[in-house]
Every structure is written in C-alpha cells, then in structure tokens.
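S.K.: Heads up: the sequence lines are chains A and B, in that order. Take the first sequence: its letter number 231 is residue 231 in this note's numbering, and every next letter is one higher. Take the second sequence: its letter number 113 is residue 113 in this note's numbering, and every next letter is one higher.
Because the hints were derived from the structure by calculation, they are not lab data. What you are looking at is a predicted structure, and each value in this text was computed from that prediction instead of being measured. Just so it is clear, CB atoms sit at the ideal spot from N, CA and C, and this is done for glycine as well.
Per label pair, the in silico range of CB-to-CB distance:
1) A:PHE207 to B:ARG70: 29 to 37 Å
2) B:ARG70 to A:LEU5: 56 to 64 Å
3) A:ARG216 to B:THR364: 55 to 63 Å
4) B:LEU83 to A:ARG43: 16 to 24 Å
5) A:ILE143 to B:SER136: 47 to 55 Å
6) A:LEU68 to B:GLU283: 52 to 60 Å
7) B:LEU83 to A:ARG83: 27 to 35 Å
8) A:GLU158 to B:GLY76: 44 to 52 Å
9) B:GLU277 to A:TYR27: 42 to 50 Å
10) A:ARG83 to B:ARG274: 56 to 64 Å
11) B:GLU134 to A:ALA29: 37 to 45 Å
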Amino acid sequence: MSLFLWVIFPYLCLAVFVVGHAWRYRYDAFGWTTRSSQLYEDRLLRLGSPLFHFGMLGVVGGHVIGLLIPRSWTDAVGIDEHRYHLGAVIGGLIAGVMALVGLAILVYRRRTVGPVFSATTAMDKVMYLVLTVVITLGMWNTIAGSTLNLGGEYDYREGVSVWYRSFLAFQPDASLMTQAPIGFKLHALAAFALFALWPFTRLVHVFSAPVGYLTRPYIVYRSRDVRPLGTSAARRGWERVGS
Amino acid sequence: MAQLAMVMNLDKCIGCHTCSVTCKQAWTNRAGTEYVWFNNVETRPGLGYPRTYENQQEWQGGWIRKANGRLALRSGGRFKKLLTIFSNPKLPSIQDYYEPWTYDYETLTNSPATDTFPVARPKSLLTGKDMNVEWSANWDDNLGGSREHAARDVLLAGIEDRVRMEFEKTFMFYLPRICEHCLNPSCAASCPSGAIYKRSEDGIVLVDQDRCRGWRMCVSGCPYKKIYFNHKTGKAEKCTFCYPRVEVGLPTVCSETCVGRLRYIGLVLYDADRVLEAATVAEDSDLYEAQRSVFLDPEDPAVQAAAEAAGIPGDWIEAARRSPVYALINRYRVALPLHPEYRTLPMVWYIPPLSPVVDIMRETGHDAEDRGNLFAAIDALRIPVEYLAKLFTAGDVAPVENVLRKLAAMRSYMRDLNLGREGDASIPASVGMSEQDLYEMFRLLALAKYDERYVIPTAHAEQAHALEELATDCPVSSYGGGQTGTLGEGSGKPLPVAVENFRMLQERQTSDQPVEGGRVTGRVNLLSWDGRSAPDGLFPPGAPPRVPRRDGDGPQAARDGREGS
Ligand code: SF4
Ligand code: SF4
Numbered sequence: 001m002s003l004f005l006w007v008i009f010p011y012l013c014l015a016v017f018v019v020g021h022a023w024r025y026r027y028d029a030f031g032w033t034t035r036s037s038q039l040y041e042d043r044l045l046r047l048g049s050p051l052f053h054f055g056m057l058g059v060v061g062g063h064v065i066g067l068l069i070p071r072s073w074t075d076a077v078g079i080d081e082h083r084y085h086l087g088a089v090i091g092g093l094i095a096g097v098m099a100l101v102g103l104a105i106l107v108y109r110r111r112t113v114g115p116v117f118s119a120t121t122a123m124d125k126v127m128y129l130v131l132t133v134v135i136t137l138g139m140w141n142t143i144a145g146s147t148l149n150l151g152g153e154y155d156y157r158e159g160v161s162v163w164y165r166s167f168l169a170f171q172p173d174a175s176l177m178t179q180a181p182i183g184f185k186l187h188a189l190a191a192f193a194l195f196a197l198w199p200f201t202r203l204v205h206v207f208s209a210p211v212g213y214l215t216r217p218y219i220v221y222r223s224r225d226v227r228p229l230g231t232s233a234a235r236r237g238w239e240r241v242g243s
Numbered sequence: 001m002a003q004l005a006m007v008m009n010l011d012k013c014i015g016c017h018t019c020s021v022t023c024k025q026a027w028t029n030r031a032g033t034e035y036v037w038f039n040n041v042e043t044r045p046g047l048g049y050p051r052t053y054e055n056q057q058e059w060q061g062g063w064i065r066k067a068n069g070r071l072a073l074r075s076g077g078r079f080k081k082l083l084t085i086f087s088n089p090k091l092p093s094i095q096d097y098y099e100p101w102t103y104d105y106e107t108l109t110n111s112p113a114t115d116t117f118p119v120a121r122p123k124s125l126l127t128g129k130d131m132n133v134e135w136s137a138n139w140d141d142n143l144g145g146s147r148e149h150a151a152r153d154v155l156l157a158g159i160e161d162r163v164r165m166e167f168e169k170t171f172m173f174y175l176p177r178i179c180e181h182c183l184n185p186s187c188a189a190s191c192p193s194g195a196i197y198k199r200s201e202d203g204i205v206l207v208d209q210d211r212c213r214g215w216r217m218c219v220s221g222c223p224y225k226k227i228y229f230n231h232k233t234g235k236a237e238k239c240t241f242c243y244p245r246v247e248v249g250l251p252t253v254c255s256e257t258c259v260g261r262l263r264y265i266g267l268v269l270y271d272a273d274r275v276l277e278a279a280t281v282a283e284d285s286d287l288y289e290a291q292r293s294v295f296l297d298p299e300d301p302a303v304q305a306a307a308e309a310a311g312i313p314g315d316w317i318e319a320a321r322r323s324p325v326y327a328l329i330n331r332y333r334v335a336l337p338l339h340p341e342y343r344t345l346p347m348v349w350y351i352p353p354l355s356p357v358v359d360i361m362r363e364t365g366h367d368a369e370d371r372g373n374l375f376a377a378i379d380a381l382r383i384p385v386e387y388l389a390k391l392f393t394a395g396d397v398a399p400v401e402n403v404l405r406k407l408a409a410m411r412s413y414m415r416d417l418n419l420g421r422e423g424d425a426s427i428p429a430s431v432g433m434s435e436q437d438l439y440e441m442f443r444l445l446a447l448a449k450y451d452e453r454y455v456i457p458t459a460h461a462e463q464a465h466a467l468e469e470l471a472t473d474c475p476v477s478s479y480g481g482g483q484t485g486t487l488g489e490g491s492g493k494p495l496p497v498a499v500e501n502f503r504m505l506q507e508r509q510t511s512d513q514p515v516e517g518g519r520v521t522g523r524v525n526l527l528s529w530d531g532r533s534a535p536d537g538l539f540p541p542g543a544p545p546r547v548p549r550r551d552g553d554g555p556q557a558a559r560d561g562r563e564g565s
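This is chain B alone, in the form it adopts within the complex:
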C-alpha cells in the first residue's frame, strides 16, 4: 500500500511556531477546539503538550508486546474498554493540556481615565470567569522555567543527575509534532465505534465525524496524544494531514508555511501484510529497523509490478520513486521515527539535530566544521546523544550516532567544496557513503526546491474538490460547528462552507454595519474572530452594536469636518 509520510529536519527548526499558528487558523479555530493544536512545537528537554504525554506508565497509550509474543493495547483489550466506557480511566483532563482563555479587552477601551494603566484580565474560555493563566501549549518554550519543568521531562529519567539545567550548560532543540498517521494506529484500534479509519489510498488516519460517538478511548489510546476531544461537539478530532490539500497535490499547511523549510512530504510504498509482524518484534530497539524493512524499494521492478497489481496508479509509483521521504529514511538513512517503542509504526520521521553538538563545540572554541572534532564530540557528548536515542530509537544510541556522523561528515565535506577546495573523499567514506550520495543528500537537505521537498501525487478519483473549496472544507466546519441547537452544539445540517465563507467575506468587506456570521455562541474565541463581525457574546447583552458614528468627535468626524470646510 502507499502512505503519505513526512520527514522533518530538526536542525533547521527555529521554534517560531508558525506551523502551529497556521494550522490552528486552518483547522482548530472553532469553539470547542480552543485548546487543540494539531501541530505543536515543543522545546526539548521539556514536558511537551499535553504535559508528560510520553509517560506511558501513566497514560497507557500505544501497544505493548505481551509475554506470549502478541501485540496488545497497553490500556487493555476490548472487554476492558467496554467495561470502562462510562468513565475513561486514562483521559488527560483539560488541565493536562491547558485551560484556554481570552482577555477582557473591553476594559482597555471602556476604562475611565485613571492613574494606572487598565489591565485586560484573562477570562477562561470554558467558564467565562476570571482565571490565572498557569500553563499553555508551550509554556516551557525555550527552556523557560527549565529547572522546574524540563527537569521533569520523562526522557530524562535515569540521566537526570548528569543533566545540567543551568541555562548556559544544557542543550536544547525544538520538536514540532503532528499526528504520526501510524501504520498501526492504536487510536483506531481503541475506538469502540470503529469511527477512526486509515485511508487505503494514502494512509491518512481520519475520524469519521458522523460515526464518532464521543467515547474518548482514542484519546487515551494514542501514545502521542495527537487526537483531541472537541468539548463542544462531543467528538474526537485529529490532524487530517490537510487531506483536502494533498488530494490536489498541495503540501499540508504546516509544511507550506514552515519558515525553516524543513518539512518533506512524499509517498512510501509498504507491505501491509508485514505491518503487524514489524510491530511485534521482541526488542524495542529493533523496531526502527523492523519498520524500515516494511518499506518497499520503489526502484525495484518487482515492487513496481506488485504495486500496479494492487491498483496503485502509475503516477503514484512514479511519485514514490521521487519521494524525498523514502530517500531520507531508507537511502541516506538519516531520518528516524519518533518513539518507535510505542509500536504504532509512526509515519512522521525526524532527522535528529546535530546542533546541540555543534553549539557546544563552538562555545568551547573548537572548529565546529571539522570532522574529527565533530566525531569526537558525538562520542564525548553522551547526554544529548542518549536523549535523542530515547526519542528516536527506543534508547539505542548506535543509529543516532550514525545519523549524527553523517550530518557531521556532510558539514565538513561541504565546507571544503564551498571554499573551492577539492572534496575530501575520505570523509563520505568514513560514514559509508559515496561522494555522490553525500552531495545529493546535501542537496536534498539544504537546497531542495518546493517541488523536490513535496512530491505529492494528486488523488485519483476525478471527483477532486472544487478549487474554491480548497483548504476550507473540513469534516467538522462543514457542520457549522459552534451553532447551538436544541440538540446540543454543532448539531444540524451541514453548511456548505465555501458558500458561507464567500458570502460572509463579501458581506463583511462591503458593509458598514457589523454583519451576522462568524457566530460563535456564548463566548468569543478571539483567535477565530476576524475583527469585522460582532459575534454574540462579544459585547455584553443589551449594548447597542458599535457602528462607527459619522457625527460627533473622533478622527472620522475630524476628517469629515475638514473636507466640508
């Protein structure tokens, strides 16, 4: 089968959160999903979002291999799931994410003249009451409060006494995360209603909003905690891999807007019959290799023939051959899976960052471009390497070291070329690559253009979405999520999104009056407010709508006056 997969090159992530914000604007700016970030960027070491989600002793996500060699959901089998259906024992509470809030901006404009500056108080988006902001999706960004928070990072267990949390002495990098669109998704396996499915064409894991009954088992089942409960509609929602976009060949919003241009999207062909076997290998540390072995070489004529026989169209096979993701995973072997030990066979892979090593070299006055220095440092700096191994290879440091060496070799080899010197062939040889390969890897990592980073074949059913609806069609928003009916919020007939957006925009852009639309019931989520409409709840009940007045004082009147005279 074919799977759309992503690779992120962590060395290039600057932690700007652009991906998170654009994703939120595209998908989760609705009531009920205020706390939801399909894409989030966490600083490591750190607690992550939701806090300490990696502690599976606590949250019981993912799969385990039982003593009899069979794969089982960590949180218990089908019977246990049904018995605990009335109250999910392992559901993170909103406090484990964070309580969403907005600010009472009105006090800023309404305040009478005072000696002190008026303050907009934070108001909870859940209760509308005053609240203390104590946590958010990236509260420990850039190691903020690291002694208190990062020190509790579950991956530091066992090495915490050797890790220095003083700001200058520690290491740090960013980890952007989306749903992994796993080959063996435990979210789908946990869903009692069978509402979560993996698309057989491209492997995207989706929640059928019409079949979800809100049992919340998927939230506990996903070890990455990348499936969320919309508390307004009572349904689960997750990253969609921007399927309306990729179906027409566009990259996901997070990739498209990534400032570091560090995301790669491409197809991977894999053998679906071997997925379970790979997920069941005895040792956690073998899972990386096991998963790699499930992927099929798209250059192999036998694979091509089999893919064709399985009904994969020709241009998809062609795309799989050009796939940057496959190249980074299996040809250059620099991409690693995130937490393979959860046994879900995740499909968003990462190139571990060399930067913790390089930074320390540079700070200690060494030549951070020199292969010898870098190699020695990779050996010497155990803490960052061990930490990366806990993230990407279930603790096995050898593959991480190999990747870091390749990245280091690329650095020093390319320095020679950039300085106009002859390339030193012994450098690629020392990491088992040819000069040509190393150069191509460099091209892919550093220079690749848009159409090399994103090789996305368009969906084959000629009923692709109309272009006007691109990126606006969403399984949830198409129900006008957020309207209150007698039957509860979000119920009712689907609202044609494109028409709604189009008409609303037109109305807003041409009208002097605050217009209806963009109605968010009860409370206003300012993230989703475009500044033109006046949704219910924005103003206290009874207050007249604020229409800019033409008479009286104010800049408007002043200008009118001038024009009149």
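The following block holds chain A by itself, in its conformation from the complex:
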C-alpha cells in the first residue's frame, strides 16, 4: 500500500503532469490562457486576485525552501533551528492566509456574479475544489503541526522533505512518508492529485508567466506567416510546388 501511495501514485501524477503539458501545448495552444473574467466583474477581483496570487507565490516560495533545501545547507549558513522554524511558520501563515482569503473571495465571486458563474466550466469547479483542499490541509499542517503541536512533534525537514528529494532523484524512500502525520500525508496526496489535474485546467497559465517582457523590445515586428496554403495541411503528394 505504501508503495502505491508514495511511489507509484506520485510518479503517475508527475508523468501526467509532464506529458499532459506537452500534449496540451501542442494540441491546444489556443486554449492556453488565464481565461480571465475581469471583464464581467472588477471590484471583487481587484481584491481577491492579487491576494490569492501573491499569497500563492509566497506559498510556492516557502515550499521550495522547505522541501528542496536540506537542513545541512541552512545550518551551514548559520540559520539555527529556532529561527528557521519561526520564519517558516510566520511566512507560511501570512502567505497561506492571504491565499485562502483570496481564494474565498474568488470562489464567492464565481458563485454570485451571474456572468462569471455561467463562464465557469466543470474543470474549473474540480480545480477549485482540489486547490481548496490542498491549501486548507497545508494550513492545517502549519497551524496544528508546527504551532499547536497537536499529535506530537513532527519535523518535516527530516521526513517529508527528504522523501520529496528522494522522489525527485528517482530513488523514492516510501518509509519516510509512512511515518509522517496524517495531515502531511493527505496534503501530499492532494497536491499530487492537483499536479495531475494541472495540465487540463486553466492553471497552465502559471507556465506562461511573462518574465521575458522585462527584456524584450516594446514593439514586436514579425514577418507575414509562412503558413501552408489554406487552413488544412496539404495531402501527401498534393503539396504545392514553389512555395
């Protein structure tokens, strides 16, 4: 069972994540968008969207630090356990609350603003559900595990993080996860489910974060498309000559 949960399932999700994105990019470049609904409604979005997105940026940053950077590194630069813990909990709480409040506003908006609601797809709803579950579980882990110390002390940097790195290195050690508290287990499983869903939702827009904008020239010039004639590809043997 633990083999399935902590080795097979995560790798399956990872594979779906990678292959799914490649497929979507090829098959559906046109559908690759944020699908913004700002045109319909502005007031709530202006509040909720930045809260959620900046919160999420914080959350992702926190996970990168927590999961990818081994304890020995932070020790080496002289950050002791207490300081690290304090930073992680405070930063995590702030970012998490921002994301959750933002998400709440956005979901409320989706449900109550008529045009926005009718523009919501089934995939959106699934995505919102899983996203909420993942974030809520993550918050629970931060609050219950690290602050209130419910269910005993658990140092994720010795457990989950190590497992995660072993997972990324393709030498997964499932036993590390079986010892983790249930909250962490559920959070990880839900997160992997979200990764598997990712390429099929509007979340793909994350990967088109336009950093290139900072360096490219303002005006883009491009030559006329050298598309093949017509909108469907020429049949074999019927290609045009001389084009």
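Given chain A, work out where chain B with the ligands should sit, using these hints.
M.R.: For chain B with the ligands alone, coordinates are given in the frame of chain A:
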C-alpha cells in the same frame, strides 16, 4: 518600411453603420465577441465606444513623454505591468462597452391569444437573464440624449459652457473608427507575452492567438480602445485590417461596403528608424507634423532605391507612388491623424468635415458655396473648429483651418467649373495650391473609382490563400471558436473553415431537417444565426426540433390540399 494605411473623408459619412455591420458579420459574430465592434461609428460630440474612451486621465492608454524626454507607457513601465498582472487596474468593464443582449423571440410565436401584443423581452447574452437595455455601441447616435450624454464628451472640456446642446443649434458629424494600426502601437508594447506584433511587410498589427495568454494589458494600453477581450476564449482580438483580403488585393470589408465611398486604402513608405524620434517630440501639437515627416516621398529616387534595398518589391513601390493615402496626407495635406497626442502614430487618418460649417451657413441663409463666406465662417465658427482640432491635431487649430479652407476653396472653385464658367485661379492660390492640384484633389475626393480609392498591392509570397477561403479565414474562427471542451470554450484543434462553411452551407440548403452546425454553445447569438440551423439553446431543452410539418393546418397543408384536389 511599408505600411497599409487608410484615410476617411468625414464629409461624406452619412452615419449609416453599414461598415460596422458588415465588419461584425465578417469578424465578430461569434460567442464571446457579441459586444465587440472592430469598426464602430460614433456621433460627435458624443461619448464614443467604449464610453469616454478618450479620457486618458481615467484609462491611462497610449504613451507619454516623460520629463527626461523619454517615451513611456502612460499606465506604467514593465515592472508595474507585471506587478498588477493579477488584476488589471485600468480595464474597462463590460458596462463601459455595453452588456450584449438578444430578445426572447419565442414569446412572440408561443403567446396565446391576448388583448395586448406579446413582447419579446431583452435577455442578457452574458447571463441569459432578463435585463434592461441601457446602453449600446451607438446609444447616443445622432445626438440622441445629447444634453445628457454628448455634454459629457471629454473633448468638450474647457469649451462646454459655449457649446449649445439644443438640437438645432449644435453641430454634429460622424466618426467611423477602426484600429489605427499605429506605427508605434502601445497595445503591442503593453503585451507581457509579446503576442501582439506589427507585420514588417504591411504594418498590420495582429494578435497571435496562440501566444496570447489573456493578460488584458493591451486593452488598457490602447488609447483608442480598439483591442477587445473575447470573454469566451480568454484572448485579445482586434481589427485585422482584413488581412486575408488585402493580401490578395481586396479592400477591407468596411471600405468595400462603405455607402459613402469615403474610405481610401494605400501604401505609405516610412522610415522606421525615425518613428521613435517622431513619437517623442516635445509638444503634443507638433506630433502631426512630426509624423508627416516620417513618411517618405515615393517619387524620390533615393527613397525608391532605399526601399528596393530593404527588399520592398517593385510593384509595392509602384503602388506607393499611386497611393491615394499618401496623396491626401502629404501632397494635398488634407488628411489629419486621430488624436496624435496619444503618441502611437496612428495610421488611419481623417479629412475633417466641412459640413458643420456649411450647414450653419446654409441655415442662416448664406451662400454656402461662396469662398468668402466659407472662409469667414471658418474663422467665426470657433467651436466646431476647436473641437476638430482637439480630435485631430492635439488642439492646434491652424492645421484644421488650413484643411477646411482647402475644402472650402475646392467647393467654390468647382462650382464655377460645374456652372460652365472659367475657373477662378485666385481661389486655389488663396490656399496655396495650383489649379491643377485642386482639380486633382477634387477628382480624388469626389470621382475616384474603385481602383483609385484602393491601391493595394498583393502579398508577395506565392502562398497566398486559396481563393475559396477569402475573407472566411480568421485566426479565431479557425479554431471553431465557441465550442465547449473540457478545457474551456474555444479550445481544441483548428477547424478548416472553408470546408466547414462549404459543407454546412450545402447541408443547410439541401436539407429539410434542421441541421447540426453553426453550434453556438449555451446561448444563441442571433446576430450569428442564419435562420436555417437550430443551434443548441435556441429552443428550451427537451422541446422537439421544429420541422415544418406536412400534414395538419398551415399554409403548407393548404397548398398541398389544393394541389391534391
Ligand atoms: S489603435 Fe490599434 S495598433 Fe494602435 S494601439 Fe490601439 S490596437 Fe494597437
Ligand atoms: S458605411 Fe461609410 S457612410 Fe456608412 S457609416 Fe460607415 S463610413 Fe459612414
């Protein structure tokens, strides 16, 4: 570089909206673009579409020249754009355009016999619910509700106390607008993904639908608000200058169908290296001259040689020499740019209307063909002239007066000729033109035939579109925009348009049954419904498809009966 540009002669616009409607039928009759008019015609003074789009204090479109003499986007630089990407602070809401609607026509046919006439209620195309129609793309057409609406025209700021809004005492004209295909497009500069590009061959500004990620910054960036967000596909769309048509030498749909025949299309050669310099001149009122100076004289052998060296084909240079647009802008100098103060160097220019002046002359019993009278009136009627200057020259009245004088001179000079009298050479001289020039300008403005109004060289890559696909190929429709996939509307493989149209048409024309196709998901946009198919949502769920029945009553049965007897 070469640029396809347009000039519109506002004196001839009768405000019939034919251009808007044909454009809509060609390009924006799909779900998600119900509220979008690539071409719209607004009555001025008026609010325009979207409402008060010219108020850049509010909408922050276009460029500004900063104190250090550099050009910057008014809405802020690259960092600010990325920081506000999660919620665009300056996006017009659908209410600033208008909430699109259709009517519940079914009640008209289903209503039982009643004392009162049944009413088809307006239904929102966004929510499907009942709505109050309160605004549209031309709600203040012909100065309708002018005291309430036109009085809020941002260009009237500063002169509002002197403008009379009583219907008989005011002036009015129509302003048809499309995307300006600017030389320095702020829409492209605002796009974080770099999806908006200017074609190097003909200067047409297009949105790459595959690279657009729906950040909406271009909508705010364009000061003319001529880029729109398709709320179904989540991508930006804009006027394409009908590129599939002009590539094969046909004029745009709006020009082709213009009732007043007031649009001119032609090539302009320009010096791309001087664009930025021209857009950065210190005074707003110098921008008109600065932009004019960027255009190169196609008769100049040095220019021709340079164009050839830059790879512009010979027939394009020839077309540039015959270009009516270049003639109106630089030879006769009667065309002016729209809002040069936005510093985008717009490429759809306008010949300002003399009609507000002529109308007033005529109404006050003066001879509106007489040069002296007209000249005096141009001087006396400050309000219309100032207003036109705010539209076309950033407030500088001198160039507008010059143009109006030329138009007035043409009027009185041609009257003499039409009455069989000798032309009065002092008339053209008084506006600094030769008799020959004035006559040629008259020819171009009044008599020019199709191939003189539209001088469009065909695209040079021999892979021009197959003729059957003319004007049907559209970057968006080729994705079958409007289909619902799990991944959201409009996603999926490109649908070969020509095949689809051809087969659908054939099917519809030969079938007795309502046929599949023309499917518009969820709601039906009646603008795009051809009356033959039964798209989903046209009838309530569960209702049987309406097939004309052969038995029973009705005209069909009556005729059948007669034939049988
Ligand atoms: S008018 Fe057209 S080219 Fe100019 S900024 Fe607006 S959308 Fe871009
Ligand atoms: S079709 Fe021509 S005359 Fe009619 S509104 Fe359009 S530009 Fe004006």
